[in-house]
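Protein chains in written order, with my numbering: chain V, 1 to 492; chain S, 1001 to 1164.
Hints should not be assumed to be uniformly reliable.
To be verified - Not the full set, but computed from the structure, chain S residues with beta-carbon under 8 Å of chain V:
(1) 1056
(2) 1061
(3) 1063
(4) 1066
(5) 1153
To be verified - Pairwise CB distance ranges, derived in the manner of DEER restraints:
(6) S:1067 x V:291: 36 to 46 Å
(7) S:1126 x V:93: 24 to 34 Å
(8) V:34 x S:1146: 54 to 64 Å
(9) V:291 x S:1126: 25 to 35 Å
(10) S:1039 x V:234: 33 to 43 Å
(11) S:1126 x V:108: 24 to 34 Å
(12) S:1121 x V:291: 44 to 54 Å
(13) V:291 x S:1148: 42 to 52 Å
(14) V:290 x S:1164: 41 to 51 Å
What the hints assert, rightly or not - So, partial list: chain V residues that the calculated Cβ filter (under 8 Å) puts toward chain S:
(15) 46
(16) 446
(17) 448
No lab work stands behind these hints, which were simulated from the structure alone.
Just so you know, even glycine gets a beta-carbon here, dropped at the ideal spot from N, CA and C.
So you can see what is in the structure, the chains are spelled out below.
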Amino acid sequence: MIDRLRSLRADQWLLWLLVAHVLLKLAIYPQVMHAELIGDETSYVNGGRALSNALRDLVALNPLDTAELSRNVVSSGWFMPGMMFLCAPLFVVVPDASVELIRAYLGGVSLLLSIGAVLAVRRTFGARYAVGLAIFPGLVPMWVSFSYAAWGDLTAGIVILWFLCLLVPVLRRVHAGRRPTWAEGAKLGLLAILVVYFRSSAAVLSVGLCLVLGVAVLFLLRGRERVLGFLAMVLAGGVFLMVLAPWSVTASKALDDRVLTTTTVQTVRANTFGDHYQLCFGPCDPTSTIWFTPVRYAREVSRVTGVGEVEMLGQMSAYARRDVTAQSFARDVFRNTRAYLFKPGGFAIHLQPPNAGKNLAYWVIAGSTTVMFYLALLGMLGMLLTVFRSSFENRWMALVLKLGIGALLTQPFVHIGGARYWTTIGPLMSLGCVLLVGEWLSRRRGQVEPLSDVPADAALPSATVARWVDRVQWLLIAGLIGVVAVLGVLAI
Amino acid sequence: MIWGSVAAVAVVLAAFSNSFGRAEPTGNYRPPLQTAALDTGCFPLPDGVHFDFPFQVRRDGDIETSEGQRRRLWLQYDLIGDEEARAGLLEAFTRAGFRVVRDDPLAAEVRKPGVGPVSWRIEPLDVADDVAVQGNVYFDLPTIEAQSDDPMCQDRFTTKRFGW
Chain V
1 MIDRLRSLRA
11 DQWLLWLLVA
21 HVLLKLAIYP
31 QVMHAELIGD
41 ETSYVNGGRA
51 LSNALRDLVA
61 LNPLDTAELS
71 RNVVSSGWFM
81 PGMMFLCAPL
91 FVVVPDASVE
101 LIRAYLGGVS
111 LLLSIGAVLA
121 VRRTFGARYA
131 VGLAIFPGLV
141 PMWVSFSYAA
151 WGDLTAGIVI
161 LWFLCLLVPV
171 LRRVHAGRRP
181 TWAEGAKLGL
191 LAILVVYFRS
201 SAAVLSVGLC
211 LVLGVAVLFL
221 LRGRERVLGF
231 LAMVLAGGVF
241 LMVLAPWSVT
251 ASKALDDRVL
261 TTTTVQTVRA
271 NTFGDHYQLC
281 FGPCDPTSTI
291 WFTPVRYARE
301 VSRVTGVGEV
311 EMLGQMSAYA
321 RRDVTAQSFA
331 RDVFRNTRAY
341 LFKPGGFAIH
351 LQPPNAGKNL
361 AYWVIAGSTT
371 VMFYLALLGM
381 LGMLLTVFRS
391 SFENRWMALV
401 LKLGIGALLT
411 QPFVHIGGAR
421 YWTTIGPLMS
431 LGCVLLVGEW
441 LSRRRGQVEP
451 LSDVPADAAL
461 PSATVARWVD
471 RVQWLLIAGL
481 IGVVAVLGVL
491 AI
Chain S
1001 MIWGSVAAVA
1011 VVLAAFSNSF
1021 GRAEPTGNYR
1031 PPLQTAALDT
1041 GCFPLPDGVH
1051 FDFPFQVRRD
1061 GDIETSEGQR
1071 RRLWLQYDLI
1081 GDEEARAGLL
1091 EAFTRAGFRV
1101 VRDDPLAAEV
1111 RKPGVGPVSW
1121 RIEPLDVADD
1131 VAVQGNVYFD
1141 LPTIEAQSDD
1151 PMCQDRFTTK
1161 RFGW
């Protein structure tokens, strides 16, 4: 039996795991199909409806209903419209789609996207990583539940995989002395901004990693290659800004103030770290949420003063954060991190039939999710604290994953935590675990790549680059421990 | 080939999109902004009183006091200092025929036959001059009934009568 299992090749494993993923999706659909749209989901779905109408108007050569678009797509400028564009095709065909159909459609779209991403990972990094993804998050029930939802966090996590499937090979080739091509530069910029359209806070990751690649181009290439490679990265930046601009311009026009990505940051900071009872220069209107009342107030003040709504949100936030101390900030960061990373099943109670309560299905979904997630979390922690040295492939992967995970983990420093944000970081955790296992196995077998060569077109000998990458890895470990230690001391 | 077919299907669906009907987004994340509380006429200030400086009503409603029911109105003034707020308030009430009974730097009382006493207290906020919202004013006023059956007068987000 064991021998037969061993003889199954990784690709066969992958196939069976993907089949299991599809079966799990089918099993979970009845659990979530009736769940009403929750909170921000309604905004994404409304945006999709409005965009479908915009297409109708374009086709019929009617003037666009700009008021409808402004109210539903830009709204208060909280959410970038990636998920709205993803929802729109459904409403083009079925304008009055029921919640069951909306969830089925989203489940189908996320299935296509995630299988596409897993195949891209298989092509780029090998079947091991693809198998890892098919298990985690592919077989995590809560991740599957979220794949029927309209929030962009999960989709951003999938698009990040595509982004890495381009970025890491480019980085490896830069090490070998070859510059990124124009097409790669353009694609990198496009994928980087696509990530942002689905989850704006992931901009730290996509922009940050593009900057790192830019630095690598400057350090590892020479002469003409360096100049052209750097220009390709400038092109990435240009494409990024060009695709961002339509949103920024539309949102800025609609809200009559300057909006780059989203308007939520200030209110979020106030609600997370400040005193939200002071957010409206005193208590906000009661009987609504901590997100809606501040915006209504900002609009009221804006109406009588002419000060822009977004500018007002900033002034309100500063007022509410007057009494933030290092200690209160550090404590809140811990609280947010706890909510971000330690409650993976927190949404199970919502993504189930109305009034189902904590029944057996709830416990199975939330429980198995929690166990699987904590295991992956341990793996991620091990990865973050390891210096990868067995091969260059592992070095670059480790560097990118550590920076990427670090970039996503900046969120608890600016944003209130929540049980759905882990769906963005989940795929990276998975890659991290596979990387860690691979490194262990290589070391145990004594398979350590020799560093005596100088790649044909490279500017620097491999040993020098390796030394520097390893130093950066040590620095990142020290940084991680340092940040936790400093926050810990401040919080006490 | 696959992408070509996908594109073809997309074009056909787009071409027929109008025949499937029209979607109805609810816009619930950006409701229209309510009329400002004192502009609705639902619960107006005493006859003839209106303020010339920018402000927003934060809370309105009646409370029980030793002198019977009184109206408590809290508003915030914007873009002006407490001196100007004080002058603006006094001017608004004297223009409407009120007589100043007491005038402290941050508090005042005015009266008018048939209306009864009106008083207020100014609480400047501890903020820089370039911040829009500059301070609070708490009024003590005679109670008033809703002046119309308009549903707007029942909407607490319009009237700000959330209860004290």
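Hints, one by one, checked against the model:
1. 1056: With Cβ-Cβ at 5 Å, under 8 Å, it holds.
2. 1061: Hint on residue 1061 (chain S): violated, closest Cβ of chain V at ~12 Å, above 8 Å.
3. 1063: Constraint on residue 1063 (chain S) not satisfied, violated at 16 Å.
4. 1066: Nearest chain V Cβ about 26 Å off; hint violated.
5. 1153: violated (17 Å)
6. S:1067 x V:291: 36 to 46 Å: Distance hint for residue 1067 (chain S), residue 291 (chain V) holds at roughly 40 Å.
7. S:1126 x V:93: 24 to 34 Å: violated (57 Å)
8. V:34 x S:1146: 54 to 64 Å: Between residue 34 (chain V) and residue 1146 (chain S), where Cβ atoms are some 41 Å apart, the hint is violated.
9. V:291 x S:1126: 25 to 35 Å: holds (26 Å)
10. S:1039 x V:234: 33 to 43 Å: violated (52 Å)
11. S:1126 x V:108: 24 to 34 Å: violated (55 Å)
12. S:1121 x V:291: 44 to 54 Å: violated (32 Å)
13. V:291 x S:1148: 42 to 52 Å: Given range 42 to 52 Å: violated, Cβ gap about 32 Å.
14. V:290 x S:1164: 41 to 51 Å: This hint is violated: roughly 21 Å between Cβ atoms.
15. 46: holds (4 Å)
16. 446: The hint is violated - residue 446 (chain V) has no Cβ within 8 Å of chain S, the shortest such distance being about 45 Å.
17. 448: violated (43 Å)
Comparing the model with each earlier hint shows violations of hints 2, 3, 4, 5, 7, 8, 10, 11, 12, 13, 14, 16 and 17; every other hint is respected.
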